[in-house]
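Chemist: Listed here are the chains, written in short residue letters.
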Amino acid sequence: MTPEFAVSARELRRNFGAFTAVDGISFDVRHGEIFGFLGANGAGKTTAIRMLCGLLPPTSGSATVAGYDIGRQVHQVKGAIGYMSQRFSLYDDISVGENIEFYGGVYGLSRAAIAAKSKSLLADLGLSDQRHLLTKSLPLGWKQRLALGTALLHEPSIIFLDEPTGGVDPISRRRFWRIIYELAEKGTTVFVTTHYMDEAEYCNRISIMHQGAIVALGSPTALKQEYGLGTVQDVFVHLITGTTDR
Amino acid sequence: MQQILYLVQKEFRQIFRDRFMVGFLFIVPIIQIFVLGNAVTTNVVNVKVVMHDADRTPMSRDLIGRFTHSRYFRVVAVEDDYTALTRILDRGDASLALVIPRHFQRDAVNRDRPAVQLLVDALDGNSSGIALGYVSEIVQRYQADAVLRDPALAAPMAGTHRAELEPRYWYNPELESKVYIIPGIMAILLVIVTIFLTSMGIVREKEIGTLEQLMVTPIRSYQLIVGKIIPFAALGFVEMILVMGFVYLIFGIGITGSIPLLFAEAMLFIFTTLGLGILISTIAETQQQALFIGWFFMIFAMLLSGFFIPIANMPPSIQAITYANPVRYFLIVLREIYLKGTGLSDLIPETLSMAVISLTVFTAAVLRFRSTLR
Numbered sequence: 065m066t067p068e069f070a071v072s073a074r075e076l077r078r079n080f081g082a083f084t085a086v087d088g089i090s091f092d093v094r095h096g097e098i099f100g101f102l103g104a105n106g107a108g109k110t111t112a113i114r115m116l117c118g119l120l121p122p123t124s125g126s127a128t129v130a131g132y133d134i135g136r137q138v139h140q141v142k143g144a145i146g147y148m149s150q151r152f153s154l155y156d157d158i159s160v161g162e163n164i165e166f167y168g169g170v171y172g173l174s175r176a177a178i179a180a181k182s183k184s185l186l187a188d189l190g191l192s193d194q195r196h197l198l199t200k201s202l203p204l205g206w207k208q209r210l211a212l213g214t215a216l217l218h219e220p221s222i223i224f225l226d227e228p229t230g231g232v233d234p235i236s237r238r239r240f241w242r243i244i245y246e247l248a249e250k251g252t253t254v255f256v257t258t259h260y261m262d263e264a265e266y267c268n269r270i271s272i273m274h275q276g277a278i279v280a281l282g283s284p285t286a287l288k289q290e291y292g293l294g295t296v297q298d299v300f301v302h303l304i305t306g307t308t309d310r
Numbered sequence: 106m107q108q109i110l111y112l113v114q115k116e117f118r119q120i121f122r123d124r125f126m127v128g129f130l131f132i133v134p135i136i137q138i139f140v141l142g143n144a145v146t147t148n149v150v151n152v153k154v155v156m157h158d159a160d161r162t163p164m165s166r167d168l169i170g171r172f173t174h175s176r177y178f179r180v181v182a183v184e185d186d187y188t189a190l191t192r193i194l195d196r197g198d199a200s201l202a203l204v205i206p207r208h209f210q211r212d213a214v215n216r217d218r219p220a221v222q223l224l225v226d227a228l229d230g231n232s233s234g235i236a237l238g239y240v241s242e243i244v245q246r247y248q249a250d251a252v253l254r255d256p257a258l259a260a261p262m263a264g265t266h267r268a269e270l271e272p273r274y275w276y277n278p279e280l281e282s283k284v285y286i287i288p289g290i291m292a293i294l295l296v297i298v299t300i301f302l303t304s305m306g307i308v309r310e311k312e313i314g315t316l317e318q319l320m321v322t323p324i325r326s327y328q329l330i331v332g333k334i335i336p337f338a339a340l341g342f343v344e345m346i347l348v349m350g351f352v353y354l355i356f357g358i359g360i361t362g363s364i365p366l367l368f369a370e371a372m373l374f375i376f377t378t379l380g381l382g383i384l385i386s387t388i389a390e391t392q393q394q395a396l397f398i399g400w401f402f403m404i405f406a407m408l409l410s411g412f413f414i415p416i417a418n419m420p421p422s423i424q425a426i427t428y429a430n431p432v433r434y435f436l437i438v439l440r441e442i443y444l445k446g447t448g449l450s451d452l453i454p455e456t457l458s459m460a461v462i463s464l465t466v467f468t469a470a471v472l473r474f475r476s477t478l479r
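Listed in order, the protein sequences are those of chains A and B.
Add 64 to the 1-based position in the first sequence for our numbering, that's all there is to it.
Add 105 to the 1-based position in the second sequence for our numbering, that's all there is to it.
Please keep in mind that the hints were generated in silico from the structure rather than gathered at the bench.
Hints should not be assumed to be uniformly reliable.
Label pairs and their in silico Cβ distance ranges [said to hold, decoys possible]:
hint, chain 1, residue 1, chain 2, residue 2, range
1, A, R77, B, F129, 29 to 39 Å
2, B, R325, A, T305, 44 to 54 Å
3, A, N268, B, I132, 31 to 41 Å
4, A, T295, B, T468, 54 to 64 Å
None of these values were measured; they are calculated from a predicted model.
Every residue gets a Cβ at the ideal spot worked out from N, C-alpha and C, and that includes glycine.
With the hints as constraints, model all of the structure from the sequences given.
Modeler: Shown next as structure tokens:
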């Protein structure tokens, strides 16, 4: 039984003391969609994504991820999702192959599965000859793709990407997005936060967060039409500052 | 189970790929044993003595000769000017001054209570106390010999010592402080390896973000804890075996009691320090903070363990605190098993105390770890 939506949030709220980081947001993410989560720094994107991944309990409200409740079924949620943050979280001091082996093992894959996955991932990344290298010696763009690969070892149905392309060159970013498209084509739901407005244009649908609330949600084309603006960047600036960047 | 194995494997890979770490783990114990075993000594030898002999008689020279020939003392000068003695002590050229007054021999022969004066630089109270003991031993022996030579002297001296103490020092007959200190070094090493490596290992993962990555995997927090503990506990035991080996090779001191018992007690002890390591990791955000907190605990644990300062010498309020210090019990247990071959039945209070402390600290650590990580 497949749940209706890959991610479904209802009045999801998180307070830190008197500060409301996420102010009762509701939205649905369809299966196999690339869902962009936009917002200025401090808009509450990371808090929202951390709640959805089971890293942070919500103050109130509810959400299901892959059909599991993020409050009561955290363990199942974690098994169903992949997560990659800007810090991409590989161990620098062990080799490329050892990182893959480790995360495969942590996700409970069998030795045979790990070996097979590792081989194909390394081949995809063009790192087969570098698998004995210490991870710290890889260029940033490669590290990010490797981190994404390790987050996908257990074939999650949803992958959460928290500013995955921060700080890399345009070529690496384009390569990274090519992988994201391939994933979505194969049916994986992609939930991605980004600062880059050109990346927002690649998404099927985007939501724009401002001061903890979702102020706009729709496909890039629909949003541009609604506000009569030419780019997602213009829509974003208009919504956040109330002015038009022209 | 499988997840834990992968965690342990990863942890060992990280440790052994780090050249510095491997060096630290294997070379530090050798240096510590060698240096501390020889240097942290409460044996007082080569105490510098200055002599002032105003009597210049065969008897006074005999007394001086006994100091010259003692391995505990080194006579640095025979000073004729009495007033110069203070200056010599002030300058630190000698820490003892023995003054033999005029008529020492005459008083002795006349049975008129002969006296000598001893000036002591007591800046280091412990050492001067011990040195004082040696002095009185020499003087007593001197008296006894004098009586042997001239039984007539026995009468006036009979009052001064009717009973004579002849101590036999068991388990450490030479009163070698090495024998006493080495179990202490073992405890310190275990503390270092477990508290510091555990806390810094976890905090490092916090810093680089891998801990967060692990928390989004279906791994359970108990698996994470076990996966972190096993490598460091294992390293702790390896260190202990290394230390035991070095101690035997360098100082020829072997274990008298049961090795399994020693390891079981060490296991109990390690649970506390691993727990402390985990606890620190939940408080510290950076490795630097972890290091500071670790030092704070370690200094207290060592100073209040009886390793450097005997617990009986501490004020009662501080003594009360030492009851919560696991190192206090572990030192006793180590020394008892290592040097005396004591069995479990005589170590029950210490073992129980360690068990209670371990359980408390470890439970607190696990609860805090789970709540901070969710």
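Chemist: Between T295/A and T468/B, does the beta-carbon spacing fit 54 to 64 Å?
Modeler: holds, 57 Å
Chemist: Is the gap between the beta carbons of R77/A and F129/B within 29 to 39 Å?
Modeler: violated, 48 Å
Chemist: Regarding R325/B and T305/A, is the given constraint of 44 to 54 Å on their beta-carbon distance met?
Modeler: holds, 45 Å
Chemist: Is it true that the C-beta distance of N268/A to I132/B lies inside 31 to 41 Å, as the hint says?
Modeler: violated, 59 Å
Violated hints for the displayed structure, listed by number in ascending order: 1, 3.
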